[in-house]
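> For the protein sequence lines, the chains are A and B, in the order given.
Residue numbers for the first sequence follow our numbering, so the first one is 225 and each next one is one higher.
Residue numbers for the second sequence follow our numbering, so the first one is -10 and each next one is one higher.
Don't read these hints as lab results, they were simulated from the structure.
One should not assume that every hint holds.
Within a straight-line C-alpha distance of at most 25 angstroms, the following computed BS3-like cross-link-like pairs (lysine-lysine) qualify [stated by the list, open to error]:
{"hint": "1", "chain 1": "B", "residue 1": "Lys73", "chain 2": "A", "residue 2": "Lys235"}
{"hint": "2", "chain 1": "B", "residue 1": "Lys142", "chain 2": "B", "residue 2": "Lys73"}
{"hint": "3", "chain 1": "A", "residue 1": "Lys235", "chain 2": "B", "residue 2": "Lys142"}
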Amino acid sequence: MIHGEESWHRKLVEHRSALMAVGVTVGIALGSLIEIVPMYTVAAGPDMADTVAPYTALELAGRDIYVREGCYNCHSQMIRPFRAETLRYGDWSRAGEVAWDRPFQLGSRRIGPDLARIGGKYPDAWHYEHMADPRATTPGSIMPPYPWLLDDKITAADVAATVGAHATLGVPYDDTSVEAVSRSLEEQGGGIVTRLAEARIDAEPDDEIVALIAYLQKLGAS
Amino acid sequence: MSTGERYDDATVKRFIGATVLWGAVGMLVGVVLALQLAWWPANLGLPWTTFGRLRPLHTNAVIFAFTGNFIFAAIYYSLPRLLKTPMFSPLLSKVHFWGWQAIIVSAAITLPLGLTQGKEYAELIWPIDVAIALVWVAFAVNFFGAIWRRRVKHLYVAVWFYMSMVITITVLHVTNSLALPATLTRSYPVFSGMTDALVQWWYGHNAVGFLLTTPILGIMYYFLPKSVERPVYSYRLSIVHFWALVFLYIWAGPHHLLYSALPDWAQTLGMVFSVALIAPSWGGMLNGLLTLRGAWDKLRTDPVVKFWVVAVSFYGMSTFEGPLMSIRAVNALSHYTDWTIGHVHSGALGWVGMAAFATLYWLVPQVYGRELHSQKAATAHFWLATIGIVIYIVAMWVAGITQGLMWRAIDPDTGLLAYPNFMDTVLQLIPFYWLRLLGGLMYLCGTLLAGWNLWQTAREPLPARHQEVA
Chain A
225 MIHGEESWHR
235 KLVEHRSALM
245 AVGVTVGIAL
255 GSLIEIVPMY
265 TVAAGPDMAD
275 TVAPYTALEL
285 AGRDIYVREG
295 CYNCHSQMIR
305 PFRAETLRYG
315 DWSRAGEVAW
325 DRPFQLGSRR
335 IGPDLARIGG
345 KYPDAWHYEH
355 MADPRATTPG
365 SIMPPYPWLL
375 DDKITAADVA
385 ATVGAHATLG
395 VPYDDTSVEA
405 VSRSLEEQGG
415 GIVTRLAEAR
425 IDAEPDDEIV
435 ALIAYLQKLG
445 AS
Chain B
-10 MSTGERYDDA
0 TVKRFIGATV
10 LWGAVGMLVG
20 VVLALQLAWW
30 PANLGLPWTT
40 FGRLRPLHTN
50 AVIFAFTGNF
60 IFAAIYYSLP
70 RLLKTPMFSP
80 LLSKVHFWGW
90 QAIIVSAAIT
100 LPLGLTQGKE
110 YAELIWPIDV
120 AIALVWVAFA
130 VNFFGAIWRR
140 RVKHLYVAVW
150 FYMSMVITIT
160 VLHVTNSLAL
170 PATLTRSYPV
180 FSGMTDALVQ
190 WWYGHNAVGF
200 LLTTPILGIM
210 YYFLPKSVER
220 PVYSYRLSIV
230 HFWALVFLYI
240 WAGPHHLLYS
250 ALPDWAQTLG
260 MVFSVALIAP
270 SWGGMLNGLL
280 TLRGAWDKLR
290 TDPVVKFWVV
300 AVSFYGMSTF
310 EGPLMSIRAV
320 NALSHYTDWT
330 IGHVHSGALG
340 WVGMAAFATL
350 YWLVPQVYGR
360 ELHSQKAATA
370 HFWLATIGIV
380 IYIVAMWVAG
390 ITQGLMWRAI
400 DPDTGLLAYP
410 NFMDTVLQLI
420 PFYWLRLLGG
430 LMYLCGTLLA
440 GWNLWQTARE
450 PLPARHQEVA
């Protein structure tokens, strides 16, 4: 561990711990700033957030459930621009389509299929039955069942907190009051409940599964 | 007075115990996850035990609990000896140790409950993020305070690597955790969409760089020469590869987002710097392996040397594989497949895990003043772990490349997908998932054996020569 004569590095840096700390900080700051800052300052074409409507209250509630259950550990939401991917999943993903996503949910592993364009691919009842028992709709599936989503409830106050936080972060929501959020939840949830009833499935607008279906049906459907 | 009395080795011993305990827990959860993928009923039908909730527990446990405690144990032992001064404050050492363990326990409770921020390796909810920042600052003050009061003029190479971790992890954690709380357990990041993705993978890849790489290299620079009683091969090489790692690593994050909607220039920067990283990485590998020159005979007899050689070799292997997978054409095949999982584990089990046990098999006898209880058990652990890793990563290579090729296969007659049903590509993997379970189980058994061996070492009666001194 003894290195003989005093090198320039020893005299200049190793004797001055503060200088070494500054050197490390500058070293890591350079790449960080050059990669992150242009995401805000360089225009990436037309404002793509304009092309996709923000999530509704029910969709946000469903998104929270998606995050809570860690769906991103097995499902991606980013279709790459390859023929094999667009054949399987649909058009490749654009930045504007995830512009409202907090947190982003691109995922890193496809243990199950990509979900970026799952919206509209299956009826609401398919998702209901799939979450209750994945093998009922997909023979051989290795996905665990999520029966608690059929019983557990969302609350308007909780969803209003989510909507409020998004509004504070700049998402254009007009009315973030609990009453307005509650009305919005019942309206959109009621539609899903009606469609489920047509498939002889009994559900309530405030069931977690209804919120999750709303979110999944929004994906890629803009 | 022995150095153990001069320096606070009680803290070192606590961190060692926590390393082994959380290592076993984190790896056990990994084995459960491996079983769940091979056999879905192992999800147990309970919300708290599903794959989606347990996988973050596994990754956080092995990264922050196992590796974290290992790094702290090694730093609290080596830093005072390198600076010839105790850590800055015994109180901060206690705050650091107990604060870190409290964070780990709270992670183990909240993650199965589904309380998560939903960003990989940054899942912990905002109150825990705040606690991490506070405990990290306590550590940083303890660390820089010791450097400030050092009684040697220059900083040894291990300290440079430790310092790069302390500074960079602070920046990464604080930036990636910037979020607006909505409730006590939920928050939403200030970044959104592709910007959030870029910040996350800038964080994620540099957690690999500055938590799983640079501090372990620092540990290598202290403990490997100590173990084999040889000087580091090249001082000049250590300077060059240190600064190159610090400068290059930070750019590499976008290789996690190749072919995504991230702007092309950012993807290209990520790819180019990832490929360039092979040079400083192999600089570190060569400096480690060449330090063994003239001591290769110990490879046959000394478990510590066996562990170091395999650790450094896996470092070289995974830092070759990583740049390879960062090349767009390769990534097009490997991304979203189990190849990535195999790559991560050759780094985590091969490099970090083997380096941790190389260090512990040398360090525990040092701090307890005893001989290692069983050389035979350590050698058995070595073979269990090494063969386990090889089974694991080979299974993941085959699974990953198989699935990647099936996803992209086009039927030449129809011009359509050869395997349009996604399930076809999943069912192919099940045999390899069982094989991976076997590999992981072997590695876990090795860790349990190490826990027993180190425990027996610590409670062995003191050898006669030490009793006389006492």
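> Against each hint, give a clear statement of whether it holds in the structure.
Outcome of the hint check:
1. Distance hint between B:Lys73 and A:Lys235 is fulfilled; the C-alpha atoms sit about 19 angstroms from each other, no more than 25 angstroms.
2. Annotation: proposed proximity of B:Lys142 to B:Lys73 holds, straight-line Cα distance about 10 angstroms (limit 25 angstroms).
3. Distance check on the hinted pair: A:Lys235 and B:Lys142 sit about 10 angstroms apart at the alpha-carbon level, within 25 angstroms; holds.
In terms of the numbered hints stated before, the structure departs from none.
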